[in-house]
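Q: Build the full structure now, drawing on both the sequences and the hints.
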Amino acid sequence: MALLELIDVTKHFKVSSGLLGLKTGTVRAVDGVTLSVERGQTLGLVGESGCGKSTLAKCIMGLEPVTSGEVLFGNRSIAAWDEKKLRSKIQMIFQDPYSSLNPRQKIGSIIREGLDIHGIGSKDERREKVEQLLKLVGLRPEHGRRYPHEFSGGQRQRVAVARSLALAPKLVVCDEPVSALDVSVQAQVLGLLKDLQKKLDLTYVFISHDLSVVSHICDKVAVMYLGRIMEIGESRNLFADPKHPYTKALLSAVLRPDPTNRPERIALTGDLPSPMAPPAGCPFHPRCPEAFDKCRNDRPELMDQPDGMRTACWLYGEQ
423 MALLELIDVT
433 KHFKVSSGLL
443 GLKTGTVRAV
453 DGVTLSVERG
463 QTLGLVGESG
473 CGKSTLAKCI
483 MGLEPVTSGE
493 VLFGNRSIAA
503 WDEKKLRSKI
513 QMIFQDPYSS
523 LNPRQKIGSI
533 IREGLDIHGI
543 GSKDERREKV
553 EQLLKLVGLR
563 PEHGRRYPHE
573 FSGGQRQRVA
583 VARSLALAPK
593 LVVCDEPVSA
603 LDVSVQAQVL
613 GLLKDLQKKL
623 DLTYVFISHD
633 LSVVSHICDK
643 VAVMYLGRIM
653 EIGESRNLFA
663 DPKHPYTKAL
673 LSAVLRPDPT
683 NRPERIALTG
693 DLPSPMAPPA
703 GCPFHPRCPE
713 AFDKCRNDRP
723 ELMDQPDGMR
733 TACWLYGEQ
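Numbering-wise, the working numbering puts 692 at position 270 of the sequence shown, and it's gapless, one number per residue.
Don't read these hints as lab results, they were simulated from the structure. Check each hint, because a few of them may be wrong.
Result set (DSS-like, lysine-lysine): computed pairs, CA atoms no more than 27 Å apart in a straight line [to be verified]:
| no. | residue 1 | residue 2 |
| --- | --- | --- |
| 1 | K592 | K506 |
| 2 | K621 | K642 |
| 3 | K480 | K545 |
| 4 | K670 | K716 |
| 5 | K507 | K670 |
| 6 | K480 | K616 |
FRET-style restraints, in silico, Cβ to Cβ [said to hold, decoys possible]:
| no. | residue 1 | residue 2 | range |
| --- | --- | --- | --- |
| 7 | L485 | S458 | 16 to 24 Å |
| 8 | A590 | I688 | 40 to 48 Å |
| 9 | D604 | E712 | 35 to 43 Å |
We put the CB at the ideal spot given by N, CA and C, even for glycine.
A: Next comes the structure, spelled out in structure tokens:
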């Protein structure tokens with residue numbers, strides 16, 4: 423059973439200008455996304471900057487109301503959840519551990535804040551819970567008496583992880599959680615996230631630009647472009663045999679340790695189209711080296727492939 427399900431989710435932002443704030447356009451940040459995440463699974467969201475990954479994450483969190491479509495959590499629309507109850511079920515780990523922690527609060531207070539707001543346990547029980555969480559993420563109980571500036575970036579991100587787990591959530595949205603960290607520290611935090619997933623039966627939505635990180639931690643991957651899902655499927659299948667030209671271009675840019683085993687780089691020409699004026703047909707066709715007439719006129723939907731992948735491309739659908 424899917425813990426999280428998105429059904430044709432769109433999120434549009436009005437663009438206005440002038441003293442009267444007259445509407446001059448609409449930004450189609452998320453444009454008809456349908457996907458599901460099973461319990462205990464990690465779904466990776468990848469794509470270029472501006473493709474709608476973070477906006478989609480905010481829709482999942484309930485921080486942004488969807489323009490149309492529906493977000494279901496536990497087979498129930500998030501719009502029907504009590505907001506306080508929803509916050510205890512879905513939490514988020516932010517990209518930058520430097521700015522996501524209040525520099526004026528001690529670490530213990532930061533982690534305990536959710537427990538205080540929800541009125542969970544007595545004062546002593548909350549203090550004990552904070553100590554347990556610090557140990558769980560590889561820190562010491564006495565670290566709770568320090569301020570964020572006294573820690574390294576990796577330690578700060580461990581604190582952010584501990585804070586996200588304070589209310590025992592079922593789903594954690596990880597928005598670029600390791601991109602601001604050194605490579606060696608990235609490996610430690612990724613290992614921590616995988617261990618916590620097993621121990622606590624967590625489900626992750628993992629947003630990243632780093633495809634090597636995504637291949638390491640994600641069970642399923644969705645490739646986004648201009649607010650739409652271009653391709654989605656199991657991680658091993660997507661990385662072994664990508665079908666959509668955009669996915670192929672992304673994977674060709676991944677650095678590999680063996681210089682003799684690197685795919686030919688696929689260089690995309692042109693700029694990413696504006697989400698205020700997306701092209702007709704397939705949104706990727708202006709930059710696609712394999713586009714033909716049908717791509718320019720008709721928009722492809724996700725189509726099932728023999729290996730279980732789903733691809734929005736006329737090369738692999740009915741022509």
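Q: So, for every hint listed, does it hold in this structure?
A: Hint-by-hint comparison with the structure:
1. K592 <-> K506: Roughly 14 Å separates the two Cα atoms, so the pair holds.
2. K621 <-> K642: Holds, at roughly 20 Å.
3. K480 <-> K545: violated, 32 Å
4. K670 <-> K716: Roughly 20 Å between the alpha carbons, so the hint for K670 and K716 holds.
5. K507 <-> K670: At roughly 41 Å apart (the allowed maximum being 27 Å), K670 and K507 break the hint.
6. K480 <-> K616: holds, 23 Å
7. L485 <-> S458: 16 to 24 Å: Given a distance of about 20 Å, which is inside 16 to 24 Å, the answer is holds.
8. A590 <-> I688: 40 to 48 Å: Holds - the Cβ-Cβ distance for A590 and I688, about 44 Å, lies within 40 to 48 Å.
9. D604 <-> E712: 35 to 43 Å: Cβ of D604 to Cβ of E712: about 38 Å, so the range 35 to 43 Å holds.
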